[in-house]
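Chemist: Each chain, letter by letter, is given below.
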Amino acid sequence: MTCQPEWVTAAYADGELDASRARSVETHLIHCERCRRRVLALRDEARVLGDALRGALHPSRAPAPARATALGLPLSIALAVGIATVAGFILDARLPQAIAWLHPARTLGVSDMFWNTMFLLQDERQGLLELAVGVGVVAGLAALGSFLVSALARRITGGLAAALLALLLSAPAADAAVVLRDDDEQVHLARDERVDGLFFATSELVTIDGVVAGDAVISANQIEVHGVIEGNLIAAGEELEITGTVAGNLILAGRNIDIESPVQGSLFVAAGKIRVAEAVQGSLFAAGEHLHLDAPVAKSATVAAEHFALSESGAVGRDLVVFADQTVLDGQIARDLIAYVETLQISGSIERDGTIHAEDLHFTAGAKVGGEVALSTPDESAARVDEGAVIAGGIRFIEWDFEHEPRSPFGSTHFYLWRVVWLAGAFGVGLILYLLLPGLFQFRIRSGSEFALTLVTGAASLPVVLAGCIFLVLTVVGIPLAILTLLLYLVAGYLAFLAVAVLLGRHITKPQSERLREFGLALLAGLLVVTVLVNLPIIGDPAWWVLLCLGFGLLALRAREAWLLRRALATEL
Amino acid sequence: MTIAMAFNREAGLLPAAAVSPWGGSLAEQREAQGRAAAPAPAQAAPGARHSFAERYQPHAQDVARLCRQMLGEDDAADARSEVFLRAQRAFATYDRSRPLRTWLLAIAAHHCVDCLRRRAKEGRLFTRAELEAEDLPAQTAGPLSLLLASERQRELHAALDALPLPLRSVLALRYFAELSYAEIARALEISPGQVGVVLFRAKLRVRSALGMREGGGGIKR
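Quick mapping for you: the protein sequence lines, in order, are chains A and B. Per my numbering, the first sequence runs over residues 1 to 573. Per my numbering, the second sequence runs over residues 1 to 221.
By construction, these hints were calculated from the structure, which means they are not laboratory data. Glycine is no exception: its CB is placed at the ideal position from the N, C-alpha and C atoms. Errors might be hidden in some of the hints.
To be verified - Under 8 Å between C-beta atoms, here's a sample of chain A residues computed to sit facing chain B:
| id | residue |
| --- | --- |
| 1 | Leu-42 |
| 2 | Leu-53 |
| 3 | Ala-270 |
What the hints assert, rightly or not - Just a sample of chain A residues kept apart from chain B, beta carbon distances all over 10 Å, derived:
| id | residue |
| --- | --- |
| 4 | Ala-46 |
| 5 | Val-48 |
| 6 | Gly-366 |
| 7 | Leu-455 |
| 8 | Ser-513 |
| 9 | Val-546 |
Can you build the whole structure from these sequences, using the hints too?
Modeler: In C-alpha cells:
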C-alpha cells in the first residue's frame, strides 16, 4: 500500500480517523518507517501549535473585517422615511374632505387616534371597554408575576439585595427621629402626646389631638387633625377633617376634605368635595368636583373644579385663576381674575382686570370690576350685566377662539429650531457619556427575536415602573424612592433615544473601530434618523413609542448583562 | 424565549465526540483522559449547588483566549460576554459527564463562528477550493519540530497572528480548545474530512511563514 497523503496522516496523528481508515493507516505504518516518523513529527507539531496558542498571542493587528453589506434595516428605514415624508406633504398640501381626520395637524399621531377611539368607546360601550382592559391587565400582570417569581427564585440574593437597598433608600437618615405608627384599626395621638420629628401613620382611622413637632405623613380612611402640626401635613384618605393648626404646607388628597384650621403655608388639595373655612396664608392650588372657598387666601389661588364658589367671606389676596363648569364669585379678588368657565356669576369685586372665557356670564348688582373685562363668549348676548354692577374699564369682546383649526407644526420655524437644539444637545450628551462610560453603548441586535425581546422588555418596563412607583407611593414610606425612581426613569427615557440612535447609527456608518470620531459619526447619523423619524406626520407618534420601548429594552438588557458579567468575571484578567 | 431555545438547541447539538463516525479510538481515549482530568464535574456532588458563574470562573480565561484567537482582539471582549450569557442559558442542558471546559469552548466556538460568518462574504468562511484536498502536497519536508519552535517562538507567534482568522480558528479549535474534528465540523458546518483538510492548510501556512519548504522530497501520489 502506498503512503497516504499527509493531511490524512495528520488526521490519524490527531486521532481523528474512523476505525476502518485508522486500521488501514496502521497497517501501512507497520511497513513504512518514514510514515511512522512523520506521525510522530506531526504529533510534535500539534503540541508546538497547542503551546503557542495557549501562550499569549500578540495583540492582534487583525485586518478590519469586511462586513457584509447590511441592506435590511437601514434601507427599510430610509424607505419608510421617504414614503412617510412624501405622504405627509401630500396630506398637508391637498386633503380630500373624506379623510380629513388623517390631517397631520388635526390628529398628530396614531396614539391620538387611539385615545379618541378609546373615549368614543367609553361613551358608547362602557362595559365592553372595561372588560377588555381588565382582561388585558390581568393577563399582563399574570405574565409579569410569573416572570418575576421565576427570576427571583433564581436570584434570590439579588432580590434580597434590591429589597434591602429599597429599604435603605426609602428610610430617612438614621439620626432624624421617625415615629411610625401602623395599626389596622386606629392610630390616636392623644392630647398630651408630643412627637418630635417625622410622624408616619397608616391605619383605618387616624386622629391627632397632640402635637407633631415635625412633618406628618398620614394615610388612612378617615383622618382627623385637631392638634398642632408644626411642619407640613401630607395626608391621603377618604374623609379628612382638619381643625387644628398647621404651621407648614398642607398637601391633601381625598374624597371629602374639610379644612377648618388656619394654614400658615400653602394649600395643595385634590378631592371630590373641598371646603376651606379658615384663612390660608400662602397660595391655594385646588382640584375637585365641588370646591367652596369660604375664607381668605393671602396669595394667589389656582382652581380647577366642576363647581367653584367663592363665598362672601372668601377672598383672594392676589390673582384667581379658575377652570370650572359653574362658578360663583361673591368674594373679593385683590388683583386679576382669569377664568375659563362655562357659567360664571359675579357679585363680588375684582380690583383689577378680568380675562374671561365663558359661555354664560352674569354680573349681578353689586359686582365691581376695577379695570376692564376682556371677554370671549360664543356671542355677545351671552354676557348679562345687571343694573348696579360697575365695570370701570368696560367690557372688551375678544374673539371666541376655542374652535379654531389646530395649526400644523411643520409651518413654524420654531418647530425646526427646537428639533435642531434637541439634536445638538443629545449629540453632546452622547459624546460625553461615551467618554465617561464607553461600555454603556455596547449593544447590538443580531436577530429578529433579539429585536422582539428588546422591544417587549422595553414595553414591559413602562407599566412595571409606573405600577412600582404607584405601589411605593401607597406605602407612604416609599414616596422618596418613588420620586427617585421616576426621576431615574425620565433620565433613562432620554438615554433610550440616545441608545437607539447609536444602534441605528452603527448600522448606517458601520464603524470599524471604537474611536471617538467614528462613534460620533454613528451617533450623529443615528440622531438624525431618530429626529426625522419621530417628527414625521402620522407615523412619527407611534415611531416615538417604538423607539422609546426599544431604547428602554436596550438599556435594560445591557444593564442586566453588565451585572451578570461583573459578577462572573470579577477576577478574570 | 426563542433565543434561549436556540441556545439550548445548540448546546444539545454537542454530544460526546464518540458518536461521530470519525471519532476513532484515540479520540475516545482523549475524551476519557479529559474527563478524568477535569475537576469541575468531580466537584459537582449531587445536592451541592454551584452557581454557574462559580463553575465558569476557572475557564473564563480559556474562553477569552479562544475568542481572541478566533476573532482578533477587537471583537473578543464582546464575544466573551456573549459566550458567558449563552452558556449560562444553556447550562441546564449541560451533560455533566463531559468536561466543562470542552463544553464551554464548544459554545464559544459556535458563537465565534457565527461572528466570523457574519463578517465573511456570503457567510462562507472557506472557499470551495480550500475545502478540497486536490492541490494539497502529498508529502512535505517536515512538520514544525519542538526544537525549531522553541528557538523561534516570536516568529511562530507572528505567523499565527498573520493567519486569516478562519484558518487560525481551526487551529485554535483543535489544538487549544481540543475539540474533536466532529465538533469542529459541526461548528463550521463542514464535514469532518474537510476539517482535516483545512487544518492541514493552516499548518502549511504556518510552516511556510517560518521558511520551511513544502512538498519537498515527498512521494507524490
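Chemist: Indicate, hint by hint, whether the structure satisfies it.
Modeler: Tested hints:
no. : hint    : in the structure
1   : Leu-42  : holds, 5 Å
2   : Leu-53  : holds, 4 Å
3   : Ala-270 : violated, 43 Å
4   : Ala-46  : violated, 6 Å
5   : Val-48  : violated, 4 Å
6   : Gly-366 : holds, 73 Å
7   : Leu-455 : holds, 13 Å
8   : Ser-513 : violated, 7 Å
9   : Val-546 : holds, 20 Å
Checked against the numbered hints given earlier, this structure breaks hints 3, 4, 5, 8; the rest are met.
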